[in-house]
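**Q** Once you've looked at the hints, dock chain B against the given chain A.
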Amino acid sequence: MAEMILVIAEQHAGHLNRVSLETVAAAQAIAKDIGGTVEIAILGSGIGSVAQELAGRQAAKIYALASPQLDAYTADAYVYTLREFLATHSYKLILLPHTYQVRDFAPSLALALGTTVISDVIGYKHENGKLIFTRQMFQGKFAADVSFAGEGPYLVTFQNAAFRGDLAAAGTAPIETLNVTIPDGVIRVAAHEIFQEAKQSVDLSQAEIIVAVGRGIKEQKNIALAEALATALGGELAASRPICDAGWLPLDRQIGSSGQTVAPKLYIALGISGAIQHIVGMKGARSIIAINKDAEAPIFEIADIGIVGNLFDIVPALTEEIQKAKAGV
Amino acid sequence: MKILVCLKQVPQKDAPLKLNESGTWIRDDISYEVNEPDAYALEEALRQKEKHGGEVVVITAGPTRAQQVLREALAKGADRAIHLEDDGFVGMDAVNTARALAAALEGESFDMIFTGLQSDDYGFAQTGVLLAELLHWPHATIIIGIEKTESGVRLKRELEAGHYQMLDMPLPCVLTIQSGINKLRYATLIGIKQAKNKPVKRLTLADVQGKLGKNLQVVERLYVPVKQKKTEMLEGTSVELAKKLVEKLRNEVRVF
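Protein chains in written order, with this note's numbering: chain A, 94 to 422; chain B, 740 to 995.
Extracted from the complex, chain A is given alone in its bound form (with noise of 0.2 Å):
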């Protein structure tokens, strides 16, 4: 019998969120290994057109779990519609994008369902017979191997960028819309409009060059030095996120989850240990240069090229040098 698999897809206002694609296809390649068929989901109000979208892909069905009251989203409106349905449609996994939203209800849903959710999973393997999800630990020092113990459904949220979305395979699914109503009660919270702080000022998703600082820079005056090579490469100044948390450079620089995804053709990282947080954030970088004391430091995992050593002599003696390359001397 195939083994039946569930991907709970995100959507905000009534457009996909390009991540839930993604775990589409870490779906279809499970599936394809141990003998699946793929279903999806996707809740909130006035979901009739992401439906298509998805419908679009390759799976035996979608799911349209609509209510007005999934409008908005709130973690209680969406455990109750997931239990009511997951009550009547039996899965063996239960796959989903580690999407803030994600994060904050994927854990009540697993153990309302008495079961557990294996978080952040950037990658599978499957052993005879059974299945080993890989999730970084130590803040991506190591990778942990980890297997479900117990009966499922088992529940995975798959790291952003971990599958690449652009390779879910195409198909034609039906669509089976299901009206929920959520009893009055169930919602205790009430969430308003999502808004942006201020304009964002730079928009660093179109810098060429970036040089970021983090942590290693140790104290606000420092970051001068590396503003100075900035300057030198006509790029610019970007943080992770404890530099600006710190109030050193304002928030509009921060590289990450919660900040800014950029794509520069080049990426120096001073004194960055590398996070996943920050990682996720300029991955996508041509050519990555990092700088830091830690030689252990998850950053050289990605780097293209790596200096240990102290950045507070190197950065001054780069930045010199590249004023006078560029000078012609």
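In case anyone wonders, no lab produced these hints; they're calculated from the structure. All figures in this text were calculated on a predicted structure; none of them were measured in a lab. It cannot be assumed that every hint is accurate.
Said to hold, decoys possible - Quick look at which bits of chain B chain A covers, simulated, 3 or more residues with Cβ under 8 Å:
id, region
1, 745 to 755
2, 806 to 813
3, 866 to 874
4, 893 to 900
5, 924 to 934
Beta carbons are placed, not taken as given, at the ideal position from N, Cα and C, and that holds for glycine.
**A** Relative to the frame of chain A, chain B by itself:
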């Protein structure tokens, strides 16, 4: 406001981590510190108490060494602490950790429970949400602002790519706190002195064992990740390195 803050002791950021001989876990002969988002959660609880009165209680589940994070929290102004003290809490899955915390809270009553949004070591990002589900309380994650209202709290929740959302939530509730929600304070000398006389309640694994189940996920092995990219490591003096880099920027990266 009575607020409980869940703290976790994690390896220090710069600690050189090594695998144990069986490759199942890290060697524990390293330095530890409080999980960074948990430090912000504690700070937020202390600020709420300063504004609205009440009590701040801190809890951790971990070996004897984890008592350090409780002591530091008491020195910063927390009123009392609960230590689920056992080596068995190391490597426990998120569901059982949440069950142990919930069991330790029997007989207590809080308006809010804060946790950090995730831990720097395991990175599950689940314990707070699971604790809410076990207590049947509402929850919200990745919180970057908290204002008390007449009916509960108004929360500012961080979303991806610079977006935010406001939520109104009744009490009691569980909130997972984002780093940067506030500015951390240091413990004062007088605080450190007073902390010595503040109560720390100790519970063992045996005290909560009845509420735990078997771990539903198993770490089969832990290993240094296979490199996805070939990294060219450069060595030399600063000037030599600068010259090599400029060479590469010119000929390989071609940015000038």
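**Q** Compare the structure with the hints numbered earlier in the document and write down the numbers of the violated ones, lowest to highest.
**A** Failing hints, ascending: 2 and 5.
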